[in-house]
Amino acid sequence: MNTALITGAGRGIGLATAKAFLKAGWKVLALDKDFSRCDEKNFARVDFDLTNVNQIKKLIDSLGEIHTLVNNAGVLYCDDYESIERKSWRSTSRPRPSSLPRSRRNGRPGSRDGS
Numbered sequence: 001m002n003t004a005l006i007t008g009a010g011r012g013i014g015l016a017t018a019k020a021f022l023k024a025g026w027k028v029l030a031l032d033k034d035f036s037r038c039d040e041k042n043f044a045r046v047d048f049d050l051t052n053v054n055q056i057k058k059l060i061d062s063l064g065e066i067h068t069l070v071n072n073a074g075v076l077y078c079d080d081y082e083s084i085e086r087k088s089w090r091s092t093s094r095p096r097p098s099s100l101p102r103s104r105r106n107g108r109p110g111s112r113d114g115s
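Numbering (the numbering used here), first residue to last: 1 to 115.
Please note that a few of the clues may not be correct.
Taking lysine-lysine and the DSBU-like style, the derived pairs with C-alpha atoms no more than 30 angstroms apart in a straight line are [as the list claims (entries may be wrong)]:
1) 27 / 57
2) 23 / 58
3) 58 / 33
4) 58 / 27
5) 41 / 19
6) 23 / 41
7) 33 / 23
8) 41 / 58
Using C-beta positions, here's what the derived DEER-type ranges look like [said to hold, decoys possible]:
9) 64 / 24: 16 to 26 angstroms
10) 2 / 60: 11 to 21 angstroms
11) 53 / 25: 16 to 26 angstroms
Don't read these hints as lab results, they were simulated from the structure. The beta carbon of each residue, even a glycine, is placed where N, CA and C say it ideally should be.
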């Protein structure tokens, strides 16, 4: 059975994606910081913060074979453009590009660029 790791799977697009993989017969490992709005019980849930480097390293070391990574997690602040603080604005783009895929590539045996 193929395994998909899906970030941001607690709601919205990530949850819909996880359900689609389940329906297609995949095993799903769902990562999110908040599963309170999640009604799905048929996948493995991992409470996870992609901005926490130590959590990422531990997860990478513990993963079995992953066939597909859906890097869906993101951060959203809803406010007027002029009102959003610089720190908040930067955090909206930080989780995705610098998190799981980069960590997996840089040291996970069996990954395309790993050793």
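Now for the hints, and whether the structure bears them out:
1. 27 / 57: holds, 22 angstroms
2. 23 / 58: holds, 29 angstroms
3. 58 / 33: Between residue 58 and residue 33 the Cα gap is close to 16 angstroms, so the pair holds against 30 angstroms.
4. 58 / 27: holds, 21 angstroms
5. 41 / 19: Satisfied, since the Cα-Cα distance of roughly 10 angstroms is no more than 30 angstroms.
6. 23 / 41: It holds: about 13 angstroms lies between the C-alpha atoms, which stays within 30 angstroms.
7. 33 / 23: holds, 24 angstroms
8. 41 / 58: Status holds; Cα separation ~24 angstroms.
9. 64 / 24: 16 to 26 angstroms: Since the Cβ atoms of residue 64 and residue 24 sit about 19 angstroms apart, the hinted range of 16 to 26 angstroms holds.
10. 2 / 60: 11 to 21 angstroms: holds, 19 angstroms
11. 53 / 25: 16 to 26 angstroms: The hint (16 to 26 angstroms, Cβ to Cβ) is violated, given that residue 53 and residue 25 are roughly 34 angstroms apart.
Checked against the numbered hints given earlier, the structure breaks only hint 11 and satisfies all the rest.
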